[in-house]
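The sequence shown runs contiguously to residue 1090 in my numbering.
Calculated from the structure, these hints are not laboratory results. Watch out, some of these pointers could steer you wrong.
[Stated by the list, open to error] For lysine to any residue, the following SDA-like pairs were computed, each having C-alpha atoms within a straight-line distance of at most 25 Å:
(1) K1036 / Q1023
(2) K967 / E1060
(3) K967 / R894
(4) K1036 / D1050
(5) K1071 / S1084
(6) K902 / K1010
(7) K1078 / I968
(8) K1082 / F1042
(9) K944 / S963
[To be verified] DEER-style ranges, computed between Cβ atoms:
(10) S957 / T895: 15 to 21 Å
(11) N1017 / N1057: 18 to 24 Å
(12) Q954 / N1057: 19 to 25 Å
Even glycine gets a Cβ: it sits at the ideal position worked out from N, Cα and C.
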Amino acid sequence: METRFQINNNPQKRTLIHRGFKAFINGDYKLALGFFSDALLLDKDDLNAKIGLLLSDMAIDFPKEAHGLHDLYQTMSNTQPRSAKAKIQKQILELIHSFDAGLNKMSGLLYDEDATKADSIDGILYKDFKKMCQNHNFKETFQNLMFSTKIVFTNKNDFYDFLDLLVENDFYEMSINYIENMHNITAYDKKINEILRKAVEKQSENTKTN
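All chains should be modelled from the sequences, with the hints used to inform the complete structure.
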């Protein structure tokens, strides 16, 4: 136990991780990879170093997505209590690991509206759901349907709009759950990052007021 404590608090490891993230932010991904690799040689189980290593590797081919995940990681770390640190790190690692698998699978969530016949839909099209919201507010309409009817999305922008509306109407935890539950089949992108950040901030505000 004492040895493990000493490893976790190794100043050399902390310095390497700090330099790694600094290099990552500056766009020097290969240098960052070296720093994080050295840190993991000192402690192979350090989640912060693992995140840095994977983000640096991702950034070589997908810099925008990697920096989006890094921004999300920083936002979640800065708005959540220290006791949630390990949970946040595991969530970020899961998002990173799912990125490659999800790049070509976004279409699996969506339906071709032209090919979808009304009598074959096991649910309600999102455009029809939005029409219902014009007569009743979103919260009332969604609560009436959430346990009985599936909402069918014909394009990812509709799905993003839906996630945004969940957050705006105080269903932020449900929005977070939707994103977490689909992360293994969905490419991570800037819009998801924005929605998730907004949901986390609203969750944090609600925690403070309570």
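Hints and how they fare:
1. Taking the CA atoms of K1036 and Q1023, the gap is near 22 Å; set against the 25 Å cutoff, the hint holds.
2. The suggested pairing of K967 with E1060 holds, with an alpha-carbon distance near 13 Å, which does not exceed 25 Å.
3. Between K967 and R894, the direct Cα distance comes to roughly 20 Å. Compliance with the 25 Å bound is thereby established for this hinted pair.
4. Restraint check for K1036 and D1050: the C-alpha separation of about 21 Å stays at or below 25 Å, so the hint holds.
5. As the CA atoms of K1071 and S1084 are separated by approximately 20 Å, the hinted pair is consistent with the 25 Å bound.
6. Among the hinted pairs, K902 with K1010 is inconsistent with the structure: their alpha-carbon atoms are about 44 Å apart, more than 25 Å.
7. Note on K1078 and I968: the hinted pairing holds, with a Cα-Cα distance of about 16 Å set against a maximum of 25 Å.
8. Of the pairs offered as hints, the one joining K1082 and F1042 holds, with about 16 Å between alpha carbons and a cut-off of 25 Å not exceeded.
9. As the CA atoms of K944 and S963 are separated by approximately 29 Å, the hinted pair breaks the 25 Å bound.
10. For S957 paired with T895, a C-beta distance near 19 Å keeps the hint of 15 to 21 Å intact.
11. Distance hint check: the CB atoms of N1017 and N1057 are about 22 Å apart, consistent with the given range 18 to 24 Å.
12. At roughly 22 Å, the beta carbons of Q954 and N1057 sit within the given window of 19 to 25 Å.
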